[in-house]
Every structure is written in C-alpha cells, then in structure tokens.
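*Asks:* Going line by line, the protein sequences match chains A and B.
Heads up: take any position in the first sequence, counting from 1, add 12, and you land on our numbering.
Heads up: take any position in the second sequence, counting from 1, add 2, and you land on our numbering.
Hints are computed from structural coordinates only; laboratory data are not their basis.
Note that the coordinates shown come from a computational prediction; the quantities given were computed from them, not determined experimentally.
Check the hints yourself; a few may be wrong.
Derived Cβ-Cβ restraints for the label pairs, each shown as a range [stated by the list, open to error]:
id, chain 1, residue 1, chain 2, residue 2, range
1, A, L178, B, K184, 54 to 62 Å
2, B, T211, A, H316, 50 to 58 Å
3, B, G95, A, D35, 27 to 35 Å
4, A, L279, B, Q52, 51 to 59 Å
5, B, R55, A, R60, 27 to 35 Å
Covered by chain A, per the in silico footprint, the following chain B stretches (three or more residues, Cβ under 8 Å) [stated by the list, open to error]:
id, segment
6, 60 to 68
7, 125 to 131
8, 140 to 151
9, 201 to 210
10, 242 to 251
Even glycine gets a Cβ: it sits at the ideal position worked out from N, Cα and C.
Given next are the chains, with one letter for each unit.
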Amino acid sequence: MTVRNLKFAEALSEGMIQGMEADPNVIMMGNSISYNSGALGTTCEANRRFSHRVFETPSMENAITGIAIGAAAMGKRPIVYHARADFLFLAMDQMINLAAKWKYMFSGNAGTVPIVVRAVIGKGWGQGATHSQSLHSIFAHFPGINVVLPNSPADAKGLMMTALTLDSPTVMFEHRTVYNNVGPVEEQPYFTPIGKANVVKSGKDITIVATSYMVSEALIAVEALQKEGVDAELIDLRTIRPLDEATILASLEKTGRLLVIDISWELCGVSSEIAGLAAEKGFHLLKAPVRRMSIANCPQPVSHPLESAFYPKPSNIVLNVLNMLGKTSSDNLDIDKQDNFKGPY
Amino acid sequence: MLQDAVNQAVTSQKVLEKSNITANIAKELLKNMIWIRSCEESLVKLYHEQQMRTPCHFATGQEAIATGVCQALSKGDVVYSHHRCHNHFLAAGGGFFELAAELHGRVDGCSKGKGGSVHLTARDKGFIATSAILGEAIAVAAGSAFAFKIDKLPYVAVPFFGDASCEEGSFYETLNFASMNKIPALFICENNLYSTESHINIRSAPGATIYGRAQSVGMAGEMIDGNNVFEVYNTVQKALKYIREGNGPYFLECSTYRWREHVGPNFDFDVPNRTHRTREEQEYWINERCPIKHAKNVLIDNGTVTAAEIENWETEMAIEIAATIKRAQASAWPSTSVLMEDIY
Numbered sequence: 013m014t015v016r017n018l019k020f021a022e023a024l025s026e027g028m029i030q031g032m033e034a035d036p037n038v039i040m041m042g043n044s045i046s047y048n049s050g051a052l053g054t055t056c057e058a059n060r061r062f063s064h065r066v067f068e069t070p071s072m073e074n075a076i077t078g079i080a081i082g083a084a085a086m087g088k089r090p091i092v093y094h095a096r097a098d099f100l101f102l103a104m105d106q107m108i109n110l111a112a113k114w115k116y117m118f119s120g121n122a123g124t125v126p127i128v129v130r131a132v133i134g135k136g137w138g139q140g141a142t143h144s145q146s147l148h149s150i151f152a153h154f155p156g157i158n159v160v161l162p163n164s165p166a167d168a169k170g171l172m173m174t175a176l177t178l179d180s181p182t183v184m185f186e187h188r189t190v191y192n193n194v195g196p197v198e199e200q201p202y203f204t205p206i207g208k209a210n211v212v213k214s215g216k217d218i219t220i221v222a223t224s225y226m227v228s229e230a231l232i233a234v235e236a237l238q239k240e241g242v243d244a245e246l247i248d249l250r251t252i253r254p255l256d257e258a259t260i261l262a263s264l265e266k267t268g269r270l271l272v273i274d275i276s277w278e279l280c281g282v283s284s285e286i287a288g289l290a291a292e293k294g295f296h297l298l299k300a301p302v303r304r305m306s307i308a309n310c311p312q313p314v315s316h317p318l319e320s321a322f323y324p325k326p327s328n329i330v331l332n333v334l335n336m337l338g339k340t341s342s343d344n345l346d347i348d349k350q351d352n353f354k355g356p357y
Numbered sequence: 003m004l005q006d007a008v009n010q011a012v013t014s015q016k017v018l019e020k021s022n023i024t025a026n027i028a029k030e031l032l033k034n035m036i037w038i039r040s041c042e043e044s045l046v047k048l049y050h051e052q053q054m055r056t057p058c059h060f061a062t063g064q065e066a067i068a069t070g071v072c073q074a075l076s077k078g079d080v081v082y083s084h085h086r087c088h089n090h091f092l093a094a095g096g097g098f099f100e101l102a103a104e105l106h107g108r109v110d111g112c113s114k115g116k117g118g119s120v121h122l123t124a125r126d127k128g129f130i131a132t133s134a135i136l137g138e139a140i141a142v143a144a145g146s147a148f149a150f151k152i153d154k155l156p157y158v159a160v161p162f163f164g165d166a167s168c169e170e171g172s173f174y175e176t177l178n179f180a181s182m183n184k185i186p187a188l189f190i191c192e193n194n195l196y197s198t199e200s201h202i203n204i205r206s207a208p209g210a211t212i213y214g215r216a217q218s219v220g221m222a223g224e225m226i227d228g229n230n231v232f233e234v235y236n237t238v239q240k241a242l243k244y245i246r247e248g249n250g251p252y253f254l255e256c257s258t259y260r261w262r263e264h265v266g267p268n269f270d271f272d273v274p275n276r277t278h279r280t281r282e283e284q285e286y287w288i289n290e291r292c293p294i295k296h297a298k299n300v301l302i303d304n305g306t307v308t309a310a311e312i313e314n315w316e317t318e319m320a321i322e323i324a325a326t327i328k329r330a331q332a333s334a335w336p337s338t339s340v341l342m343e344d345i346y
C-alpha cells in the first residue's frame with residue numbers, strides 16, 4: 013500500500029481517473045473543464061488521458077443535467093461539473109424532479125440514472141451573495157439523492173470512487189477552501205462508504221459535528237481546546253444524505269454535549285437536523301442544550317471586514333465550547349488563519 | 003371548413019402515391035390509431051368512477067403523431083414523452099393492461115402503481131420514460147441520443163413534447179447542444195395550440211413558428227400536418243434517414259388539436275365560457291380534422307380497406323379492451339411494504 017500526500021484537487025482527480033479506468037462509461041461534462049486552468053485543475057489528467065470522454069458544454073445548467081440523466085439511462089455514468097454551486101438552482105428541476113425520483117417513480121422499471129454532480133462553493137475575496145452559497149441542505153431534503161461534502165483529500169477520492177459505482181444520483185459539494193488541504197491518500201483505488209461519518213479526533217468532553225471546511229476550522233479549535241484541558245470529539249459528517257445517525261448518537265453517549273458547525277445557514281439546515289436528531293433520539297444523553305454555529309443569518313457580503321465577520325472562525329468555536337462547559341479561556345486565542353486567497357475565484 | 007377536409011384528403015392521396023407507404027403499412031397506421039383512440043376513450047369513460055385516482059391528460063385527437071412516428075422507428079431507438087403520454091406509450095408498443103393497471107394504482111401497472119398517468123415506462127419496447135414537468139424530457143432524450151453518438155450506435159432518440167414545452171429554458175439549451183453536437187435525436191413537437199387552455203396566440207408573437215426556433219440554432223426543421231398520419235410517417239422516415247446518415251438532429255412541428263380539456267375527461271364546451279375555447283373551434287377539429295376519420299376516408303376511397311373490415315377491427319378491439327380493463331381492475335394493490343422500496 014502506497015500512501016502519498018496529495019492536494020485535494022489531485023486526490024479528487026485521481027478518484028475520477030481511477031473511476032474512468034475501471035468503467036469506460038464514466039464521462040465528464042460541464043463548463044470550463046476542457047482546459048488546464050478550468051475546474052480548479054481537477055480535469056487536467058482526464059483531458060490528458062481520456063479527452064474523448066471529456067465534453068465541454070455551453071452554459072446550460074438545466075438541460076445538461078437532463079442530458080446527463082438521459083445518457084445515464086442508456087448506461088453512461090456522467091460527472092457534471094459546476095464551477096459555482098449557486099448555479100445548481102438552474103439544475104434543480106432535473107435533479108430533484110427527475111434524477112432523485114427516477115428509480116422510485118417507475119419502480120425500477122425504467123432503470124437507474126447514476127449521475128454525479130460536482131459543485132464548487134466559493135468563499136472569500138469578495139465572492140459575494142451569489143457565488144458562495146452551499147445548497148447541500150436543500151438537496152439533502154429530497155429522498156433518492158446522495159449528498160456528500162468531502163473535506164480531506166482522502167475523502168475526495170474515496171467518496172468520488174464510491175459515487176461512481178452507485179445506482180443513485182450523487183451531488184458532491186466541494187468548498188473552495190478545502191482545495192487548500194493536503195493529506196495522505198492511498199494510491200490504490202478505494203471506496204469510502206457514502207452515509208458514514210468519520211471521527212476525526214476522539215474525545216470525551218464534547219461532540220463537535222462539522223461539515224466540509226468547518227472540519228478543518230474545528231480541528232484548529234479542538235487543538236487549542238486540548239491546551240485548555242478540554243478533550244473534544246470531532247466528527248466529519250462527510251455525507252448528509254443518507255445521514256449517519258449512529259456515529260453521532262454513539263459520540264453523544266460518551267460526551268453528553270453537542271456543538272454542530274455547518275457551512276450554511278442554521279434555519280432548516282444541516283445543523284438544525286443534527287440538533288433535531290439529538291432532541292429526538294439523544295435527549296436522555298444530553299447534559300446541556302445543543303448549540304449551533306454557522307454563517308451569519310444574512311446574504312454573503314463583499315466588503316472585507318463584513319465578509320470576515322460573516323464566517324465562523326476557530327476562535328469563535330473555542331469560546332463557544334468553553335462557554336458550553338462553563339469555562340473561560342486562559343489564552344489570547346490567536347489561532348485564526350489568515351485568509352491568503354488572492355482571487356479571482 | 004368542409005373544404006379543408008377535402009383538401010386534406012387530396013393531399014393525403016398525393017402523399018400516399020408519392021411515398022413508399024405500402025397498403026399493409028397504411029392499414030397498420032389506421033389500425034394503430036383506432037387502437038389508441040379506443041383505449042384512451044375507454045379510460046375517459048371510466049374516469050368518473052373514481053377508481054383511477056391519478057390526473058389523466060387525455061390525448062384524443064392527436065393519435066396520428068404518436069402512430070406515424072412510432073411506426074417509423076426501429077429496434078434500439080428510444081422514445082420519451084411528457085404528461086400527455088398514453089398515446090406514445092401505446093404507439094411504442096406498451097401494453098394497455100400495464101397502462102390501465104397503472105392508472106388504477108395496481109402492482110401490474112408499468113410502474114407498479116407508483117408512477118400514475120404521467121410516469122409511464124415500457125423499456126423493453128424502447129419507451130424509456132415520461133415526465134410531468136415541461137421541457138424535462140426533451141433534454142433527457144437528447145442525453146440518450148448523446149450516449150448513442152458517443153458509442154457510435156445507429157439508434158435515434160425521440161422526445162415527444164407539446165408547444166408549451168418549447169417556452170421552457172431547457173428547450174433552447176437542448177436544441178443548441180443537440181445541433182452543435184449533431185446528436186441523433188428526432189424532436190417531435192405536438193403543437194395542439196393550447197397550454198392548459200391558453201391559446202398559443204397569447205403565448206408567442208404573431209408569425210413566430212416553433213420549428214423556426216430549431217432552425218435558428220442550425221437544426222433542420224419543418225412544420226407538417228400532424229393530423230395526417232401518412233404525412234407524419236413519411237416525413238419521419240425522411241428525417242430518420244437524415245439523422246442516421248450522421249447529419250444531426252431533426253425537428254418536426256406537427257400541428258394538431260386536443261379534443262378534451264387539459265386534464266380530465268370533459269370537453270371544454272360542456273360548460274359555456276369555461277375557457278377561451280369555443281364550441282365552433284372544437285367541433286371543427288372533431289368533425290372536419292379528425293385524423294382517424296381522415297385516414298379511413300382515404301383508405302376506403304382508394305380501396306385499401308373496406309368499411310366492414312374497419313368495423314370488424316373495432317368490434318374486436320372493444321372486446322379486448324373491456325376484458326383488459328376487467329383484468330386491470332382485478333389486479334392486486336401494492337403491499338404497503340413496498341412504500342420504502344426503489345428509493346436508491
């Protein structure tokens with residue numbers, strides 16, 4: 013077994029390439045995927061190795077999703093790329109009304125439509141209100157679709173490889189920030205289960221459940237908390253539909269305290285869902301009220317100080333956890349990362 | 003108005019004379035239209051019984067398009083349709099028993115009772131799926147055609163859709179993609195003039211054609227009389243040849259008329275001033291422009307078939323349909339244990 017340190021984009025690309033090697037029906041479609049600077053570098057290798065299976069498309073988020081569905085109905089496994097998740101609103105009809113329901117509406121008699129939709133979520137450098145939203149909670153609302161949010165390079169590869177073997181459609185949300193991540197990735201093909209959360213760090217004092225890049229932010233907080241004598245458990249949700257209730261409840265059984273940190277708004281969001289799970293199935297385990305953290309309850313602003321105030325940071329997480337445990341910080345908490353993103357997207 | 007019908011009959015005779023439609027095919031076309039009409043109208047009659055608890059968009063009056071197109075297709079070709087899909091399902095070879103059972107919500111339905119009137123499938127006949135949201139299936143069919151192109155297969159994908167679907171964004175996106183990639187798709191627009199009960203004149207500029215929109219993205223397209231089954235069959239054969247030779251997609255705007263209300267079994271003129279549609283307009287299409295009446299006249303006049311022969315078919319069909327409905331109504335309900343099946 014060979015393990016290398018790979019960047020997120022390299023790992024994701026490797027997952028797609030190994031999926032293309034294994035199955036000649038895997039194809040790629042989307043805007044800006046046929047040149048090297050496109051798709052954040054994730055399609056360079058596919059262009060080099062399988063250029064006849066990479067299809068650049070016009071701007072057509074709605075129809076391209078339907079086209080992917082129709083190709084999938086004939087046996088293809090299309091990967092559709094969206095440079096910004098906000099454009100998925102235009103693809104939603106095909107994804108929700110058709111792809112997610114295809115198997116059920118025809119009781120399997122019309123076959124299956126295993127499409128994989130990738131969507132990048134922006135953040136920073138003034139991306140603003142319509143280029144930095146995540147739609148993961150919205151998609152997860154609907155039965156029949158898988159929703160995954162890898163944070164580590166290893167999960168980017170493993171979740172993609174699994175998605176390329178399923179019968180059902182999958183949407184993968186790739187936060188722009190996770191593209192900074194570097195981590196160990198096995199060279200051989202492997203398949204990370206969809207619907208299984210990952211305990212990133214085990215602990216006994218409090219459970220922190222996080223999504224996407226909030227896992228990395230929370231990990232910084234967890235390390236700072238360790239110095240404060242707090243032993244926090246950190247769970248990377250990785251998949252939100254299907255939701256791994258067992259891992260969350262098992263952790264809650266150990267810690268009795270829960271903080272949920274999501275990359276999108278609290279109302280009707282993933283953080284509400286996890287809080288609901290704790291209230292419904294873990295109430296007897298709770299020693300204190302559940303808390304949620306997320307982006308501010310307003311659209312994403314552009315101006316730098318406003319943007320900076322909009323996103324939760326590791327220092328906020330530490331203070332929140334200490335507060336939940338009735339403690340105060342002994343440190344000045346100079347742990348927040350500088351946003352070194354230089355744009356434009 | 004009577005003159006229209008006479009002109010139409012003369013045109014049909016010319017189409018038949020110039021084409022390679024054999025007597026057998028001509029008879030088949032007529033017989034299939036009568037079969038589809040008989041099935042659909044039998045369902046119309048059952049509708050008030052409240053046993054079919056699924057909104058049905060009946061397509062009586064539009065049989066020539068489904069029949070003419072499907073008759074011209076070959077094995078391996080695939081068909082997609084929309085909410086008004088019974089005609090296409092039957093024309094493609096879907097069984098009336100599977101249709102009737104589906105509408106009755108029974109396990110023997112083509113979608114085992116989970117789909118209803120607007121979610122039909124008969125994959126083994128090449129009838130892949132239908133969708134109830136306008137414009138969706140146009141893109142999906144193009145996707146299947148794209149897959150055929152990638153795999154260098156000789157098949158053609160055919161979406162049926164109405165004039166209102168051509169107002170959707172996915173229509174334009176799909177046409178552009180299809181034309182640009184020269185995919186083997188035959189786009190069949192059934193222009194029945196109405197979107198629910200809104201006339202096309204209040205939905206588009208005067209003189210704007212639908213096939214013209216296809217031409218604007220570089221696609222071959224034309225308008226034909228969708229109530230003339232011989233013209234439909236003949237044009238589709240020509241279009242399929244063009245597509246299979248690798249020239250790209252083809253767009254046919256077929257003019258037609260839906261007799262009954264948008265959804266449900268009634269005629270709009272049953273209740274005065276219920277919609278924009280007038281009794282005069284509907285009676286014209288029913289009496290003067292009926293695709294079946296027209297094909298009957300042409301084939302009886304030229305000696306291809308006799309009135310007695312047609313009556314014979316109709317009697318046999320009525321017996322088969324009655325027995326099939328009985329069998330469908332006797333089919334079992336799905337067990338509630340399947341509620342959570344086939345989600346993933």
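*Asks:* Looking back at the numbered hints, which does the structure fail to meet, lowest number first?
*Replies:* 1, 4, 5, 6, 9, 10
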